[in-house]
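Whole structure, please, built from the sequences with the hints as guidance.
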Amino acid sequence: MVASELLMLKNTYNPDTVWFVDDVFTVSHKWIKSFHEEVIKQDAIIPFECITRAERLNDEVLQLLKEAGCYRIWIGAESGSQKIIDAMDRRVDVDVVKEAIQKTNKLGMETGTFIMVGYPGENETDIEETITYLKAANPTHFTITVAYPIKGTSLYNEIEDQITIQPNWETSTDRDIDFSRTYSRKFYDYAVRKIVNEVNYNKEKHSDKSFKKMISYKLKSTLAGTLMKLTK
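So in this note's numbering, spot 126 of the sequence shown is number 126, and the numbers just go up one at a time.
Careful: at least some of the hints might be erroneous.
[Said to hold, decoys possible] DSS-like cross-link-like pairs, simulated, lysine-lysine; straight-line CA separation at most 25 Å:
1) LYS203 with LYS220
2) LYS135 with LYS229
3) LYS66 with LYS106
[Unchecked claim] Distance ranges between label pairs, derived from CB positions:
4) ALA136 with PRO167: 34 to 42 Å
5) ASP59 with SER34: 17 to 25 Å
6) ASP93 with HIS141: 48 to 56 Å
7) TYR13 with THR222: 45 to 53 Å
8) MET8 with GLU124: 50 to 58 Å
9) TYR13 with PRO167: 38 to 46 Å
10) LYS135 with ASP59: 22 to 30 Å
11) THR222 with GLY121: 21 to 29 Å
Since the hints were made in silico from the structure, they are not lab data.
Glycine included, C-beta positions come from ideal geometry on N, C-alpha and C.
So, in structure tokens, the structure goes:
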């Protein structure tokens, strides 16, 4: 069914890429094998990206995905600190995520991961562990945000009595809600800047790109680190 729909899209619209919006695209290895077989048999391959969990990837699945047209895999971790991952009840080993990203990179596919800072109990050591993790895993892309509570989730239930900003729901989103954290909200805004610039500095350092750009990233990272200390 999916392969037939891809063929229709390919013949009708010829899209550059497709994004499969499924939290764990590889949850069933049996389905992945069938998907791989059908898209090849029907000549329905369209370059696509997907999201999955590290423990649902292995060498065979990665190869099948690549042959079926996958060019980018997003693998969730949320943090480089095992302490914070456990607090989130993610039920994953940070080293397993790192290895999955590295294996995907080696196969020539792009990788992406999601990072969150400001989760209850997170401290500077956890943030440094996240930087170390991102440098070692070396995802092609990563998104980063300051944690925010969504009503109905375990995080919201945990911090409900610590909410400091509860804007009007008609004119705001969940991202506008804030709560009492280990450090100030400004600290985490600067933490985001430090992580982004430090990781980008590391990427530039191991490439043949502009030395000027590399220094710029390092200066921004250092400045953000200083501002973190001033806004605890």
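Results for each hint:
With a C-alpha separation of about 15 Å, the suggested pairing of LYS203 with LYS220 holds against the 25 Å cut-off. Our distance criterion of 25 Å between C-alpha atoms is met by LYS135 and LYS229, whose separation comes to about 22 Å. Proximity of LYS66 to LYS106 is assessed by CA-CA distance (about 12 Å); at most 25 Å being required, the pair is judged to hold. Distance hint for ALA136 and PRO167: a CB-CB separation of about 38 Å, consistent with the stated range 34 to 42 Å.
Distance hint check for ASP59 and SER34: the Cβ-Cβ separation is about 19 Å, which falls inside the suggested range of 17 to 25 Å. In this structure, ASP93 and HIS141 break the distance hint of 48 to 56 Å, their C-beta atoms being roughly 22 Å apart. Look at TYR13 against THR222: about 47 Å separates their beta carbons, and that is inside 45 to 53 Å. At roughly 52 Å, the beta carbons of MET8 and GLU124 sit within the given window of 50 to 58 Å.
Between TYR13 and PRO167 the beta carbons are some 40 Å apart, a value that agrees with the proposed interval 38 to 46 Å. Between LYS135 and ASP59 the beta carbon distance is about 24 Å. The supplied range of 22 to 30 Å therefore holds. Between THR222 and GLY121 the C-beta distance comes to about 26 Å, which sits within the given range of 21 to 29 Å.
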